[in-house]
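Student: Residues per chain, in single letters:
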Amino acid sequence: MNLKSAVKYQVLDGKVAIPVFYLVVLCVMALLLVSTSDLGPGGYVNIGGFEMGTIIFLFILGLNAFRETFRMMIQNGVSRKTMFLSFVILALVLPLGMSCLNEILLGIGKAMTAGNDNVTLQSAFEQIYAPRYIENLGTMQVVLEGLLFTICVSAAAMMLGYFITTMYYRLNKAGRIAVSVGVPAILIIGLPIFDAVVTGGAIYRALGQLTLFAMGGPNGYNPYYAMVSSLIAFALLAGLSWMLVRRAVVKD
Amino acid sequence: MKGIEVRNLVKNYGDVQALRKVSLTFEENKLYGLLGRNGAGKTTLLNCITGRVFPNSGEILVHGETALENDKAQQKIFMMSEKNFYPDGMRVRDAIKWTREFYPGFDEGYCMGLAEKFGLNTKKKIKSLSTGYGSIFKLVLTLSTNAPYLFFDEPVLGLDANHRDMFYRALLEKYSEKPFAAVISTHLIEEVAGVIEEVIIIKKGEIIRNQSVDELLATGCTLSGTAATIDSLIGDKNVLGVDSLGGLKTAYLVGQIDPSTLPAGIEIGKMDLQKLFIHLTNE
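Just so you know, the protein sequences line up as chains A and B, in that order. For the first sequence, the working numbering assigns the number 1 to the initial residue and increments by one for each residue that follows. For the second sequence, the working numbering assigns the number 1001 to the initial residue and increments by one for each residue that follows.
None of these hints come from the bench; they were simulated from the model. We put the CB at the ideal spot given by N, CA and C, even for glycine. Honestly, I wouldn't trust all of these hints.
Only part of the chain B face toward chain A is listed, based on derived beta-carbon distances under 8 Å [to be verified]: (1) Gly1051; (2) Glu1069; (3) Asn1070; (4) Ile1077; (5) Lys1083.
Computed spacing ranges between beta-carbons, pair by pair [stated by the list, open to error]: (6) A:Ile89 / B:Glu1082: 27 to 35 Å; (7) A:Leu171 / B:Thr1025: 35 to 43 Å; (8) B:Glu1215 / A:Met167: 46 to 54 Å; (9) A:Arg67 / B:Gly1058: 26 to 34 Å; (10) B:Lys1021 / A:Ala214: 51 to 59 Å; (11) B:His1063 / A:Leu96: 37 to 45 Å; (12) A:Ile203 / B:Lys1124: 53 to 61 Å; (13) B:His1063 / A:Ala30: 53 to 61 Å; (14) A:Lys81 / B:Gly1058: 14 to 22 Å; (15) A:Lys81 / B:Thr1025: 23 to 31 Å; (16) B:Gly1058 / A:Ser180: 31 to 39 Å; (17) B:Asn1084 / A:Leu171: 18 to 26 Å; (18) A:Pro131 / B:Lys1124: 56 to 64 Å.
Please build the complete structure, drawing on both the sequences and the hints.
Tutor: Structure follows, in structure tokens:
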């Protein structure tokens, strides 16, 4: 009963943000379609990557999913376990629903631009994994694999947002400052300098290769690598988040 | 075992010992006053029971089941906190809707009726409510949950005398219709003295009294009369305090006095809870 109510609360918490997001997406799509309707001879434009917006949106939703919800649920006698489980369910249901909606919108957009040779509407997934679909672009396989890809990546992004926000919640002021300053300083200044001076670029090469491998690039642009990598990231982040949530206490 | 059992509860905040091996039981259908000075550990105790903070050690059982991280146990308790735990943008009516969702026994009709009585605007955002109406909102919600254990932490904060009276009346009316256990943590001892049956006094994280109000008040008495006579009577007694008005005096004494030993014109009365509290909790 409590889990059901907790999930309902979490889902309805985004009842304003999600429609606003799709309103923006539709406006941007409409604007692009109108502005590219008459490109003239030789004009060509490739529009796409809307699901990246969904991934970023869900990451931000994850970032905003803890503090207020935690207090509200504690007030209403919901255990940390139930509130965490409700978020995990949300982080699976919302990416699923939004990815399906993305595919529908993409399909509508493609149908609308079908007669226009100057405009190509593609998802980010189709653009990244184009070599895999040279011979079967537009088939159901692309749609299904694209759908699974977006679900997995956006679920991981949402859990990453949740992990960051719970970590900040648990840290004291000094810790928050240390992470806010330290992590960007290491990633933007420290690591590049260290990599260039000491390891001769080996670290960033390795990171690049690891990212490519995780995305399935070296294996025939296989998106299932990215899906599995995202699910592993989701599970790891969920585990870390749970360790933070289970001992969280209300703060003034 | 029915009730909320707290066993050897310890809670430290750094070097500060907020609760020192606290053990007590909140029985069903009783009205408790949880009294203590600022920083005595009242809110910490209630926060531990409701899982808002974790104790360092000890055990809390609700109807025999562990209270910590237990949805079933926590659904039996609703705590009205001094602080606001509701989201910034939430409106009163939405909070009512969600409390009904989490507490199936929630009586929405009663809630709306009580809100109207208090003049609470349910369309308003919780954050925009004044201190008094913030308290009223939480009181209305708490009384409407129909949870068997209601905790009120400083329930009348910011309330004017009329609203405070309305709250005590609403509490007693609700209790008389369908009894429940209520724990009222407050500084306004005189006001709550007429409402509570049991009193728990906490001092520096330790329970120093846990008994019925009548029993506690029976540990002392008041003597009233002319100043000179009272002065002559209390010389060798443990006097908690004295109130003087013109030539009349009232003395608050620890222990009982045989009325037959008193001279004419001296009245013996019940001890004042606030006076006793001040005496018990003084450094």
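Student: Against each hint, give a clear statement of whether it holds in the structure.
Tutor: Tested hints:
Because the closest C-beta pair between Gly1051 of chain B and chain A is about 7 Å apart, less than 8 Å, the hint holds. Contact between Glu1069 of chain B and chain A, as hinted, is supported at the beta carbon level, the nearest pair being about 5 Å apart and thus within 8 Å. The interface hint given for Asn1070 of chain B holds, since its Cβ lies 6 Å from the closest Cβ of chain A, which is under the 8 Å cut-off. Look at Ile1077 of chain B: its Cβ gets to within about 6 Å of chain A, closer than 8 Å, so that hint holds up.
The beta carbon of Lys1083 of chain B comes within 6 Å of a beta carbon in chain A, closer than 8 Å, and the hint placing it at the interface holds. Checked against the hint of 27 to 35 Å, the C-beta distance between Ile89 of chain A and Glu1082 of chain B comes to roughly 33 Å, which is consistent with it. A C-beta distance of roughly 38 Å is found between Leu171 of chain A and Thr1025 of chain B, which places it inside the suggested range of 35 to 43 Å. Evaluation of the 46 to 54 Å hint for Glu1215 of chain B and Met167 of chain A yields a pass: the beta carbon distance comes to about 51 Å.
The hint said 26 to 34 Å for the Cβ distance between Arg67 of chain A and Gly1058 of chain B, and at roughly 28 Å that hint holds. Taken as a hint, the range 51 to 59 Å holds for the pair Lys1021 of chain B and Ala214 of chain A, whose Cβ atoms sit roughly 53 Å apart. At about 39 Å, the CB distance of His1063 of chain B to Leu96 of chain A agrees with the hint of 37 to 45 Å. The beta-carbon spacing between Ile203 of chain A and Lys1124 of chain B, approximately 55 Å, falls within the hinted interval of 53 to 61 Å.
Against the hinted window of 53 to 61 Å, the Cβ-Cβ separation of His1063 of chain B and Ala30 of chain A comes to about 59 Å, which satisfies the hint. Under the hint 14 to 22 Å, the C-beta atoms of Lys81 of chain A and Gly1058 of chain B, about 21 Å apart, fit the expected range. Distance hint check: the CB atoms of Lys81 of chain A and Thr1025 of chain B are about 27 Å apart, consistent with the given range 23 to 31 Å. Separation of Gly1058 of chain B from Ser180 of chain A is about 36 Å and conforms to the stated range, judged on CB atoms against 31 to 39 Å.
In this structure the hint that Asn1084 of chain B and Leu171 of chain A lie 18 to 26 Å apart at CB holds, the actual value being about 23 Å. In this structure the supplied range 56 to 64 Å holds for Pro131 of chain A paired with Lys1124 of chain B, their Cβ-Cβ distance being about 58 Å.
Checked against the numbered hints above, the structure breaks none of them.
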